[in-house]
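Knowing the structure of chain A, use the given hints to seat chain B on it.
As given, the protein sequences belong to chains A and B, one line each in that order. Just so we're aligned: 46 in this note's numbering is position 48 of the first sequence, and the numbers increase by one with no gaps anywhere. Just so we're aligned: 1308 in this note's numbering is position 149 of the second sequence, and the numbers increase by one with no gaps anywhere.
Any given hint could turn out to be false.
[Stated by the list, open to error] Residues on chain B that point at chain A, a partial pick, calculated with CB under 10 angstroms:
| hint | residue |
| --- | --- |
| 1 | Q1195 |
| 2 | D1262 |
| 3 | S1440 |
| 4 | I1467 |
What the hints contain is simulated information worked out from the structure, not anything from laboratory work. Note that CB positions come from ideal geometry on N, CA and C, so glycine has one too.
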Amino acid sequence: MLSHIRTMWLVFLHLFRKKETIEYPEEKVDLHPRYRGRIVLTKDPDGGERCVGCYLCAVACPVDCIALQATEDEYGRRYPDFFRINFSRCIFCGFCEDACPTYAIQLIPDFEMAEYNRQNLVFEKEDLLIDSQGKYPGYNFYRVAGLEAGVKKKGEGVNEEAPVDVHSLLP
Amino acid sequence: MTTTQQIWIVIGVLFVLLNIAAGLIWVERRLLALWQDRLGPNRAGPLGILIVLADTLKLFFKEDWIPPFADKWIFVTAPAIVVGSVLLSFVIIPFAPGIVVADLNIGIIFFLAMSSLGVYSIVLGGWASNNKYALLGALRGASQMIAYEVFMGLSLMGVVMLTGSFNLGDIVMAQQHLWYVVTQPVGFIIFLIAGVAETHRLPFDIPEAESELIAGYHAEYSGMKFGMFFIGEYLGITLISAMIVTLFFGGWLGPSFLPPLAWFAIKLFFFIGLFILLRASLPRPRYDQLVSYGWKILLPLVLANVLITGAVALWLRGVRL
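This is chain A alone, in the form it adopts within the complex (with noise of 0.2 angstroms):
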């Protein structure tokens, strides 16, 4: 007897308390900087897109939700003719972000996608492409060295920087 009333003045102080709750519309949440949000399309720091047409992120992609068309510019230079998420299917799993190998498509901490008709939810790559370098600022794949040809060293070359470290976790 006694214990149920001691619990039941211990649930009436929970009224003093601060609450979890948080008003969303008005209060926004406060998310993490890696948080798995709406899929964007970066650019290099020279503002070429980073997209080469590799076809990885739309082979990772669980729900198939990715589809694209790779194309090549006059120079031989890879990029998507285009670009389409169906955000409708989209899981947020950010495997296509793993799978990217020049850092171009990133998961951004934004989910207000809400649309009234669902075919707005498909993404093109207008829609997609975005005007800054994402989480990876001076990042550029072409400028980062490759394969050692038996001439120089790697990253010695002109326009060429030193090569990325891949056992560092850090991105």
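Just chain B, lined up with the frame of chain A:
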């Protein structure tokens, strides 16, 4: 008192009661939320009170479905019985001097009779649903009601003996100097426990126990018929709170800087809050625990209370045996 006045009292009491019962939807959700460190419904209208309107509209527009395997007529009448019997019980409660629908000299007996009738709605509702969970709920409701009805009546006998009347107005007037909660603490606690069991509120919501019986006796009900069970439950809380206030806490009596009706309302809402706090804090006992607790502990206790109260009352009046 003229007939017109009486009609106005009837309409006023009905209006206020139904509004309180509907408003309790909001009160309960807000209070429960606050006690669980949440905010609760606070969007529609000032402090979210229009959630009541939204809930009611939702209930009205839901499909009013009668299962093809149900016993149609009993299925439809069951929810009406609970609301009807609880509303009839309010007839005897003196809200303020002069504001009482029927000043019966058998007030408490009438209240007990009506609250016993309420169990028919559970039994019939559960039976007519033709659903095993509903029937189990009805079964539990019936045995819980039999167990708790007995000492609910007996717990009030102490008050009746001290007053010498079944009339609630007389009982209130007899508490001018001392509330009965002081002289009848055991009676008060047992009546409170029995009242919670009577209204099937948590922690004694054995007949509907969501986690065991889905929704128990009203598992098959939808729309406004479910709403009637809901309203009946809130009316039941209000009724038991009003009875506690009247019998043990001096009814409308209070210092004269507030009108009697205000004192009644303050005490009433205190006990409604207590009911909701009970729901927020205590877990549900097992079914057999509840029944054996009733028969083995509370019944002997209340019998002893009746005996001792009777003896003391006789001794105070100087009766020599």
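Quick rundown of the hints versus the structure:
1. This hint holds: B/Q1195 has a C-beta 7 angstroms from the nearest C-beta of chain A, less than the 10 angstroms allowed.
2. Annotation: interface hint on B/D1262 violated; nearest CB of chain A at approximately 36 angstroms, more than 10 angstroms.
3. A cut of 10 angstroms between beta carbons decides the hint on B/S1440: the least distance to chain A is about 4 angstroms, and the hint holds.
4. Hint on B/I1467 is violated. Least Cβ distance to chain A is approximately 20 angstroms, over the 10 angstroms limit.
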